[in-house]
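Colleague: Letter by letter, the chains look like this.
2 protein chains.
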Amino acid sequence: MAKVLSSRKEDYAQWYNDLVIKAGLAENSAVRGCMVIKPYGYAIWEKMQSVLDRMFKDTGHSNAYFPLFIPKSFLSREADHVEGFAKECAVVTHYRLKNSPSGKGIEVDETARLEEELIIRPTSETIIWNTYKNWIQSYRDLPLLINQWANVVRWEMRTRLFLRTTEFLWQEGHTAHATKDEAMEETMKILDIYAKFAKNWMAMPVIQGTKTENERFAGAVETYSIEALMQDGKALQSGTSHFLGQNFAKAFDVTFLNREGKLEYVWATSWGVSTRLMGALIMAHSDDKGLILPPRLAPIQVAIVPIYKKAGELEMISAKVEEITRKLTANGITVKYDDRDTHKPGWKFAEYELKGVPVRLAIGPRDLEKGTIELARRDTLEKNVYPVEGIENRIKELLDEIQETIYRKALDFREANTFRADSYNEFKEKVETKGGFILAHWDGTSETEQKISNETRATIRCIPLESEKEEGKCMVTGKPSSQRVIFAKAY
Amino acid sequence: MAKVLSSRKEDYAQWYNDLVIKAGLAENSAVRGCMVIKPYGYAIWEKMQSVLDRMFKDTGHSNAYFPLFIPKSFLSREADHVEGFAKECAVVTHYRLKNSPSGKGIEVDETARLEEELIIRPTSETIIWNTYKNWIQSYRDLPLLINQWANVVRWEMRTRLFLRTTEFLWQEGHTAHATKDEAMEETMKILDIYAKFAKNWMAMPVIQGTKTENERFAGAVETYSIEALMQDGKALQSGTSHFLGQNFAKAFDVTFLNREGKLEYVWATSWGVSTRLMGALIMAHSDDKGLILPPRLAPIQVAIVPIYKKAGELEMISAKVEEITRKLTANGITVKYDDRDTHKPGWKFAEYELKGVPVRLAIGPRDLEKGTIELARRDTLEKNVYPVEGIENRIKELLDEIQETIYRKALDFREANTFRADSYNEFKEKVETKGGFILAHWDGTSETEQKISNETRATIRCIPLESEKEEGKCMVTGKPSSQRVIFAKAY
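Top line first, the protein sequences correspond to chains A and B. Take 162 as the starting number for the first sequence in the working numbering and just add one per residue. Take 162 as the starting number for the second sequence in the working numbering and just add one per residue.
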């Protein structure tokens, strides 16, 4: 069988791109930097959405929907925010087209120019805080815990499917609180939800930490993130939770009467994960044969392929498969029976490997006689023959086992690729030869961070929340440092 | 208690707007014509989405996602399509902002002008068929049954919350087929899904029919719709399903090799329902006290209000309510216990009436003694005292009963407001004095339809699919007609 993908060793970036396209997850569209998310890719995203949505609702959040458009003037209200986003905004200037005078095609109708240009939302803090102003008068109106699932646009110059696209899908939570403590608690609660989701559903270990000032969200007082390590040794920021302080409340004049009858500015958070998670999921586990999906997010958990020569055989196999499918489905397992006569079994096996279906069953006339079935697991590529009787129980266990195994594997990989560097030379050598997460001391200044980044292309991914305090000296300046921070090259 | 809403009789349009805002469903945003869908309104929309999404998937459709942007030139490919949409398009011309030279605010960076302008999708046929071109080679690739949930933008001059907004949310299905018959079958299958959804979930009777040429979707060969009658006697088109023939396949050159090895153009359908359904739902059932929601779409099905004077009483009531809630929840019923001490019971009763919660329970110390509970149903405003023992069974039945009752009521209303007119004078008088659906003969020409519309503002809503054939003469021209069509003033 012909090789479908570039190998990771040969060309990791090409492998990733091949995989996204060949597995039918997404493709580039006719519009620069915008992708089409294909049904198989979208089915994974829907699973992610549904789990996250449940987690948000279980912690008291409601969904709502705010406009796609943001008046240009709103963006300027918060100084850091406009600085961060103005350079990558899609701008709507007109609201009508007309026939070209030449009679060929259409053109913009210059008489239909907007008085104030509209920005396609790159994120919705400004339009939402402008709205919250009318919703919040007293402490009784707080907290306001709202999330929205939406598309956003950031005009990126270099794009990659899922990882960085001009338009992407995401959720953005925007909450309002009466006190700083409550807003901080919310910020950390969401960070924890993101980390749990990554671990328990994506089977992807992440490190929770604080971003440095350089990497902070434009308009935030503090940004927290979850960071994952990909197989090429590069880090991928997979979700962020921002403590916004009173910045947006001040920019949009949102105050409330507290319990003591005094007027105060409202405290805010915002947080989001996007279709970028798809990129993380793909890169965290997959191999040169294709996707490896955690069973809990796989659109198809079990694929069944009949092996037969004659139509009569297929009929008998199909009857048995129906029985098996019924039992699997009753156990909450998603099954696809692929009885297409247009493709050979070998082709189908490769196809389900490529698509990362966790378990593949094959059954032929001999199996019917012997009461057996062949089971292949995608993660280890192991094949075994089992009695068909009770196979649903074996598969149920196995799906949990696979979920656990690929998490373990990713965790082992991360541990094997996490290094300590105690001098700048050692650091540079590690960045150059090993990649991965590098724990080192840093003096806490943006200047030093910038110097390191300029010289090595490694950046501080985060100041990890859970790590032992350790007195040390900045590897560059020798100034004191109280804990190691995590450096890596990053997506 | 002060009147919250205008009455329907006084000012129907004002009543509707008051209701949408006061019940917390939606409000106008800072962006002209764009709405904010508030959490309570969005919760209803989410329920609609989830039911429809299940219906689409059960009939073999998958979700996917296509870009928000459409290159301007794509729009011109199908002649009718561009004619229908060019005049209401939001156009992106630039991709960057910069600081104003004055130092105040930001402005469009003229050096960042797009070579080809991008249109915000008003509907996605063009970008999708441009994509399908690469997905379809042979009959084996067909049918392609894809849906997307998305936002779209049509630059409307006069907007009304939910009914007509510049940006709205919707689903748009786009399918590709090997034969005309199969595409027609799909068109009708979806129309039927929409009608079933309206009837069984929204409790809203609708008429399925064919649109006349005047009202056809721009680019369709045939458009079918479901039409509902609102309480002011105006019709509301609630969903459309289009048979597109080979129009888009030809415009985007999408061909396939058929089973005989011959190249053919692909057959297409598209279909959609939008947040406009929210407007239909609100207007179909509600009264001067507020919303009336069908239980199957109500975010809260049962609200429970404690009646107490002392804290000790509340404690005992809450213990009992917990017990009741557990039983209701076990029956799949959504419950809200409102024990806020910031509002009086009377205020809460009015609030749940306004929000259309189907069943409201009230329980006080006397009830605890007697083992009773007060139950009020929103649709009839009836109140009764029941034994608390087994109340979950009574409520379960009652929710079905309410669903059925409000459907019946809407159907009775429609029947009482459907008239036949046999002369143009009679027709004009009915339109003027009664409103409603008017069944009349029409000669099948656009000219006559236009004349009637100009003179009466009533339009042909549809040529109903289920109606007896009846030979007659056009009420305007006297030319022959083989069946009555449905006229009405419309939203």
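These are computed hints drawn from the structure, not numbers from a lab. Note that this is a predicted model, so its numbers are computed, not measured. Fair warning: there could be bad hints in the mix.
Heads up, the list lumps identical chains together, so a pair's fine if it works in one copy or across two of them.
As a list, the in silico DSS-like pairs of lysine-lysine whose alpha-carbon atoms are at most 27 Å apart [to be verified]:
id, residue 1, residue 2
1, Lys470, Lys505
2, Lys570, Lys481
3, Lys544, Lys341
4, Lys208, Lys265
5, Lys357, Lys470
6, Lys218, Lys208
Colleague: State for each hint whether it applies.
Modeller: Going down the list of hints, with the structure as the test:
no.: 1; hint: Lys470 - Lys505; in the structure: within (11 Å within a copy, 76 Å between copies)
no.: 2; hint: Lys570 - Lys481; in the structure: neither (35 Å within a copy, 50 Å between copies)
no.: 3; hint: Lys544 - Lys341; in the structure: neither (56 Å within a copy, 45 Å between copies)
no.: 4; hint: Lys208 - Lys265; in the structure: neither (45 Å within a copy, 45 Å between copies)
no.: 5; hint: Lys357 - Lys470; in the structure: neither (48 Å within a copy, 44 Å between copies)
no.: 6; hint: Lys218 - Lys208; in the structure: both (16 Å within a copy, 14 Å between copies)
Hints 2, 3, 4, 5 from the earlier list are contradicted by this structure; the remaining hints agree with it.
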